[in-house]
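Participant: Start from the sequences and build out the full structure, keeping to the hints where you can.
In my numbering, the protein residues as written are 1 to 324.
None of these hints come from the bench; they were simulated from the model. In this text, a Cβ means the ideal position worked out from N, Cα and C, and glycines have one as well. Do not take every clue at face value.
[Unchecked claim] Beta-carbon label-pair distances, calculated as ranges:
id	residue 1	residue 2	range
1	29	252	52 to 60 Å
2	85	135	30 to 38 Å
3	29	184	45 to 53 Å
4	103	82	13 to 21 Å
5	297	30	40 to 48 Å
[Said to hold, decoys possible] Mimicking EDC-like on lysine to aspartate or glutamate, the simulated pairs with C-alpha atoms at most 20 Å apart in a straight line are:
id	residue 1	residue 2
6	146	131
7	298	230
8	298	276
9	146	167
10	150	45
11	150	132
12	90	32
13	150	167
14	251	234
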Amino acid sequence: MPRPNRIQFLDATYHVTARGNRRGDIFVQDQDRQTFLSLLTKTTDRFDIQIFAFCLMTNHYHLFLRTPRGNLSQAMHWLHTTYTVYFNRKHAAEGHLFRGRYHAVLLAGEEHWQYLSFYIHLNPVRAGLVEDPSAYPWSSYHDYTKEKPKFPWLHRQAILAAYADSETTSRRLYRQDCLAFIGQESDFGNRRHRRPASQQPGARGGKSFSSLPATEDKKPAGVETNRQGDLTLELAKVAEVFGASSADFNKRRAYPMLRQVAYWHLVSHQGFKATEVSQYFGVSVAAVCMGIKRLVEKLNSNSALGQKLHPLLSRGPDPMLSNG
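Facilitator: Given below as C-alpha cells:
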C-alpha cells in the first residue's frame, strides 16, 4: 500500500512530531540535544524553515513551524537523516532511529497558535520532569519569557506580538497564560478555537492574530503575489477543465469540487498564499486549507480525478503531490 502523500504548499504551517523506533530514546545525553538543535539551526537556513516553537523530550520531539517554500518533506528528510548518522556513530547503533516518518498536522488557521505553543512548552511538565517549564532547558519556552533569546532563529514574535506592543508585557502575559494552561492540555483539541483570557476581545488590550503583520518571508525565486490578474487567468484554466465558467465558482451545488480544485491549483501550483486566495473568494484561510486537504484525499483514492486534472498538473510541478 503506497504511503499517503504529504500536503505541502507555500507558507503551510505544521505541528510536527517524531518518535523513536520501537519507543526507543532519540536523545540519550545533552550532547545529542545540542547536536539536534545545531542541525535544526542549519535546517532553518538551508530550507528557509521558520520555527515558532519546539521541545526536545527523550523519545520524541515537537516542532511548530512554517514552510515558506512548501518543502517540508525535503527539510525533514535532511534533518532526520543527518541526525540519525550522528546518533548511530555516537552511540554505536545501527538501523532506523525514528519510528517511520515524522507526523505532521497541517494547521488551517492561526486562531489556536498560542494554545499549540503552550502545549509544546508544557510537555516536560506533563511528563513530570519539571514543575515549571522555565526549568527545562530543551524547549523554546526561555525565548518566550526572557529578554535575551537563546535561539535567534526562533520566530517568537509571530505569537508574542498578539499580546501587547511592549515586549516586556508580552513575555509576562505569555508566561501567565501558559502556566494557567497546565492541567488543561488534554482538552487541547476541544479548546483550539478559543483564545487565552488575555486574547479575548477587549481583554488587556490584546490583539487578534488577523491584525498582526506577517513575519518576513523569503520568497522563492520567480514567485510573485498580489497579482489578481494572474489569479483570474488561472481560475479560467480551472473552470475550463470542468467545462464551467468563472461565474460557476459560486455554484457550489452544481460544481462541488470547483472551488477545492481552485484553492489547490492556486496555492500549490501558482505560488499564491492561502490568505490571498481566501480574500479573493471571501472565505477563511481555514476553508482554503481544508478544501486543499479534502481534494488531496480524493486524488489519493481516485485515479480518474487525477486524469481529469492532468491539464493543470502538466502546467507545472506540484509540490503537494510529492511522496516525501
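Participant: None of the hints should be skipped; say for each whether it holds.
Facilitator: Right, here's what the structure says about each hint:
no.	hint	verdict
1	29 x 252: 52 to 60 Å	holds (56 Å)
2	85 x 135: 30 to 38 Å	holds (32 Å)
3	29 x 184: 45 to 53 Å	violated (32 Å)
4	103 x 82: 13 to 21 Å	holds (19 Å)
5	297 x 30: 40 to 48 Å	holds (41 Å)
6	146 x 131	holds (18 Å)
7	298 x 230	violated (27 Å)
8	298 x 276	violated (24 Å)
9	146 x 167	holds (10 Å)
10	150 x 45	holds (17 Å)
11	150 x 132	holds (18 Å)
12	90 x 32	holds (9 Å)
13	150 x 167	holds (16 Å)
14	251 x 234	holds (18 Å)
Consistency with the previously given hints fails for numbers 3, 7, 8, ordered from lowest to highest.
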